[in-house]
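Got two chains here, each in a separate frame; can you build the complex from them with the hints?
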Amino acid sequence: MSPRASKPAATAGALRNSRRHVSLDEGLIFEKSAEGKRGMELPPLDVPPVDPAEAIGGSRVRDAISGFPEVSEVEVVRHFTRLSTWNYAVDLGMYPLGSCTMKYNPRVNEHIARLEGLASEHPQHPTGMAQGCLRILWDLETCLREITGMDAATFAPAAGAHGELTGLLMIRAHLEQQGNPRKTVLIPDSAHGTNPASAVIAGYGVQHIPSDSRGLVDTARLAGVVNSDVAALMLTNPNTLGLFEGEMKHIAAILHERGAQLYMDGANMNALAGIVRPGDSGVDALHLNLHKTFSTPHGGGGPGAGPVLVKQHLARYLPVPVVAITPDGHFTLDRDRPLSIGRVRAFQGNFGVLARALAYVLAYGPGIRQATEDALLNANYIRKGLEDFFDLPLSGPTMHEVVFSDARQKKNGVTTMDIAKRLIDYGFHPYTTAFPLIVSGAMMIEPTESESREECDRFIEAMRSIASEAETNPELVKTAPHSTRVGRLDEVTAARKPIFHWKP
Amino acid sequence: MYPADFRYTKDHEWIRLEGAVGTVGITDYAQQQLGDVVFVELPKPGARVKAGESFGTIESVKAVSELFSPVSGEVAEVNASLADSPEAVNRDPHGAAWLVKIRVSDAKEMTALMDSAAYQVYIAEKAKETPA
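Chains as they are written, first to last, in numbering that gives the first Met the number 0: chain A, 0 to 503; chain B, 0 to 131.
Here chain B stands alone, though its shape is the one from the complex (with noise of 0.2 Å):
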C-alpha cells in the first residue's frame, strides 16, 4: 500500500527522487482522511518551495486542507489534469494523482522523512490517538 520508495511526511504527503527532481502527492491514508477531493490548488511551475510550508491547498466536501512540501526546491512541473479531475486523487493517490514536481535543492532533508514502515506506525498511532 505505501510503496517502499517513497518518504513520507508527518502531514500525509510522499515523496519520489528520482535524481534531482522528487514527485509528490498526498498518501492513501490522507485521501481517506479528506472524502472525496473536488478541487486542487496547485504552484505555477517555476515557484519555490520550502520544506515544511505551504505550497497549494486540496479541498475535499469536509474541508480545505493546505499541502506542506516535503522539500525545499523549485517546482519543476504541476499535475494540470487534477483541475478537471480531482476525483484521481481519491481513485490513484500514489500514481496518476501526483501533484508537483520539484527540483530538490537540499537532498540531505530527504532523511528528516519517514520511510514506508515508520509512516504505517504512525498512521496506526494517530488512528489510536484521542483526539485522532
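Extracted from the complex, chain A is given alone in its bound form (with noise of 0.2 Å):
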C-alpha cells in the first residue's frame, strides 16, 4: 500500500486533468490497535445494573470481541477521512460508468432531505402525524405516473433488481389469478444482467432472445416463440446497447395476444423521461432507478430505491401498504389488500431518497425533457468525438449512452480494461468495461446531462490520446494506471485467491 515512487516520464507531458493531490498513506485499522484504548469514558452507572446473561440469555453475551480493533476517536477519523480522499466521486469530475447513469446528486435534493422535519420522522408514527410525509409519497407517485404513462405504483423496492423481482411477483400474481403462472420470462440477450437471476428468484425458466443485426429485438423470431408458456418478456429500453426499441407497440401486441405481460427494465429512463412513456407503448410494469435517472446517491451503497409502475390491472397486487387517499382529504396507508404479493421491505422503503427525488421532479418540471435531451446530446457528442478513433460496432442511433470496442487497439494488444485503467491516469473514472457481454471488448460510455461540453471535450482528448498511445506506446497503456496510489491491482489472484480477514 505504498504509494508509486515516480510515474514513468512519458505520461507527464500527456496528463492534463489528473494531478495526484495530497494524500495520506494509511494501514488498516486493525492495525492501529492498541489494548485499553478507547474513544470515550462512560460515566459511572448510576441506575441498578442489570445482567445481560439474564437480560438477553446467557448464550447471546460474550465478554469480549476477538480481534476488535481498540482506538480512539481522533483514530478513527482520521482513518475514515485519509480513506475517503482515496475516493472518486462525480463531485470530483466525470463518472462516465456506462448503463450507471452516474449523474451529479444536485445540493438542492440534500438540502430538503435534510429538512427537520423529514429528516427527524420515525417510520412508526401513526399516519395522522406523518401526513406530509405521506404526501411526498403521493406526489412523488403523481409525478412518476405521468413521466412514465402508469397507473400505479409503489415505493417499497430498495434497489432496481429488488423491483425487477417485486414486478416479476406481481406479474405472477396475476397470471395465477387467471389460473396459470406459466413457465418462462423471456429475456434479450442484451439485458441487464440482473433480469435473468430476478425470473429465477420469481420462480421461472428464462429464456435468451438473440439481437438481430441491428441489436435490437428481433420480433419474427419473439413472435415465433411466445407461447402459453411464456409469462413476459423483461425488456431494457434502451437496451444495453444504447439502442432504442422502437417496435416496442408491436412487441407488446405480439405477448398480450398470448396472454404474457411485458415487464420493462426502466434503469435507462434517462434516455426516456419527459419524452416516450413506456405505459404508452404497451408495457404492463417498469421498475425506475431513482439512483439513476432522478439524481438519487448512487454507488458507494446509495441507499436506492427501485419503485415499481404497473398498469390497473397489476394494481391490486402491489406490496402493502399503499398510500391513498379518504373521501375527506387526508393521506393514509391501506393495507386491506387481500390480492397483495405481501411486503417486500420494511416500512415505506428508502424515504429520505423518495424526498430526495421529488425534490428533483419538481426542480426540474417540465424541464425533465431538456435534462433527458442534453443526456442524448452528450453520449451524441462523444460518439462523434471518438467514432474515427474507435470502433463502434453497432451504427444505430446513440441514445444515453455509447458502446465503443477495443478491436482497433486489440491489434496493438490494448485491450478495452487498459483503456480503462489509463483513463484514470487522466482524471476520469473509468466506462463500463466488457459490458454488454454481447459486443467483445465493450467500451460503454454514458457522460449523462451532468456534463458540459467542455468536460465532455476533455474526455474525448483524453480518449483520443489513449487511442495515440495505444500505437506508440502500448506498453504505457497495458501496465496503467500510472498517477494512482497503487498501480494496477491483481484482479486475476484476488479472485483466485481471496483473503477475507485480516491477520496480524
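It is worth saying that the hints were derived from the structure and are not from the lab. Some hints could be false.
Stretch-level coverage of chain B by chain A, calculated; a stretch enters the list once three of its residues show a Cβ under 8 Å from a Cβ in chain A [unchecked claim]:
no. : segment
1   : 33-41
2   : 60-69
Computed, partial: chain A to chain B, Cβ under 7 Å [said to hold, decoys possible]:
no. : residue
3   : Glu490
4   : Val491
5   : Arg495
Glycine included, each C-beta is placed from N, C-alpha and C at the ideal position.
Next up, the structure:
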C-alpha cells in the first residue's frame, strides 16, 4: 500500500486533468489498535445494574469481541477521512460509467432531505402525524405516473433488481389469478444481467432472445417463441447497446395476444424521461432507478430506490401498504389488499431517497425533457468525437450512452480494460468495460446531462490521446494506471485466492 | 487446435465419447472469450443432466457464464482439481481441464453436435458477426 515512487516520464506531458494531490498513506484500522485505548469514557452507572445474561440469555453474551480494534476517537476519524480522500466521486469529476447513469446529485436534494420534519420522521409515527411524508410519497407517485404513463406505484423496493423481482411477482400473481402462472420469462441478450436472476428467483425459467443484426429485439423471432408457457418479456429500453427498441408497441402486442406481459427494465429511463412514456407503448410493469434517472445518490451504497409502476390490471397485487387518500382528503396507508403480493421491504422503502427524487422532479418540472435531451446530446457528441478513433460495432442511433469496442487497439494488444485503467491517469472514472457481453471488448460510455461541453471535450481529448498511445507506446497503456496511489491490482489472484480476514 | 475426435456445442462446450462415457469441457475459443477463469462450479457425481441445459457455472474476471451439457445422462465424475486451480481451464481447456464425465443416456444426441471442421467455421462466423 505504498505510493508509487514516480510515474514514467512518458506520461508527464500527456496528463492534463489529473494531478496527484496530497493524500496520506493509511493502513488497516486493526493495525492501529493498542490494548485499552477507548474513544470515550462513560460516567459511573447511576441505575441498578442488570445482568445481560439474565436479560437476553447467557448464550448471547460475550465478554470481548475477538480482534476488535481498540482505537481513540481521533484515530477513527482520521482513518476514515484519509480513506475518503482516495475516493473518486461525481463531485470530483466525470463518471462515465455506462449503464449506471452516474449523474450529479444536486445539492437542493440534500437540503430538502435534511429538513427537520423529514430527517427526524419516524417510520412508526401514526399516519395522522405523518401527513407531510405521506404527501411526499403521493406526489412522487403522481409525478412518476405522469412521466411513465403508468397507473399505480410502489416505493418499497430498495433498488432496481429488487424492483424487477417485485414486478415479476406481481405478474406471477396476476397470471396465477387467471389460473396459470406459466413457466418462462423471455430475456433479450442485450438485457441487464440482473433480469435473468430476478426471473429465476420469481420461480421462472429463462429463455434468451438473440438480438438481430441491428442490435434490437427480432420481432419475427419473438413471435415464434411466445406461447402459453411464456409469462413475460423483460425488455430494457433503450437496451444496453444504447439503442432504442422502437418496436415496443409491436412487441407488447405479440405478448398480449398470447396472454403474456411486458416488463420494462427502466434503468435506462434517462434516455426517455419527458419524451417517451413506456405506459403508452403497452408496458404492463416497469421499475425506475431513482439513483440513476432521478439524481439520488448512487455508488457507495446509495441507498438505492427501485419503485415499480404498473398498469391498472396489476395494481391490486402491489406490495402493502399502499399510500391512499381518504374521502376527506387525508393520506393513509392501505393494508387491506387481499391480493397483494405482501411486503417486500420494511416501512415505505428508503424514504429519504424518495424525498430527494421528488425535489429533483419538482425542481425540473417539464425541464426533465431537456435533461433527457442533453443526456442524448452529450452521448452523441462523444460518439462523434471518438468514432474516428475507436471501433463502433453498431451504427444505429445512439441514445444516452454509446458502446465502442477495443477492436482497433487490440491489434496492438491493448484491451478495453487497459484503456479504462489509463483513463484513470487522465483524471476520469473509467467507462464500463466488457459490457454488454454481446459486444467483444465493449467500452460503454454514458456521460449523462451533468457534463458541460468543456468536460466532454476534455474526455474526448483524453480518449484520443490514449488511442494514440495505444499505437505509439502500447506498454504505457497496458501497465496503467501510473499516477495513482497503487498500480494495477492483480484482479485475477484477488478472485482466485481471495483473503477475507486481516491477520496480524 | 480443435481435436477431430471431439464434438462441439454452439455454447462452446466439447465432448469426447469413449464407450458410454463422455468427457466434457469448454473450448479454447470459450476460454479466450472468458479471459482469466477464477472459479468453476460443477455438479455432484450422480446428478442428472439434460442436453442443452445448465450443469454448472464458470466465472472469469469478466463475467459468470453457465455451462451447458452437450448430452443427457448422469454425472459419473467431476474434475475436482479445478476447485484449487481454475486457471487450468485457460492453460489446457481440451486436456487436463476437462470439467465432468457424463454417462450418456442417449448416444444419438451426439449427432446433433458439430464436428471439428463445422465448429471452426462456426467460430470464424461468430468473430465476424456484429454484435459478436
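For each hint, the structure was consulted:
1. 33-41: Three-residue rule met by the segment 33-41 of chain B, so holds; n is 3.
2. 60-69: Held - the segment 60-69 of chain B has 3 residues with a Cβ nearer than 8 Å to chain A, which meets the minimum of three.
3. Glu490: 5 Å, holds
4. Val491: With Cβ-Cβ at 4 Å, under 7 Å, it holds.
5. Arg495: It holds, given that the least Cβ distance between Arg495/A and chain B is near 5 Å, below 7 Å.
When the structure is compared with the earlier hints, no violation turns up for any of them.
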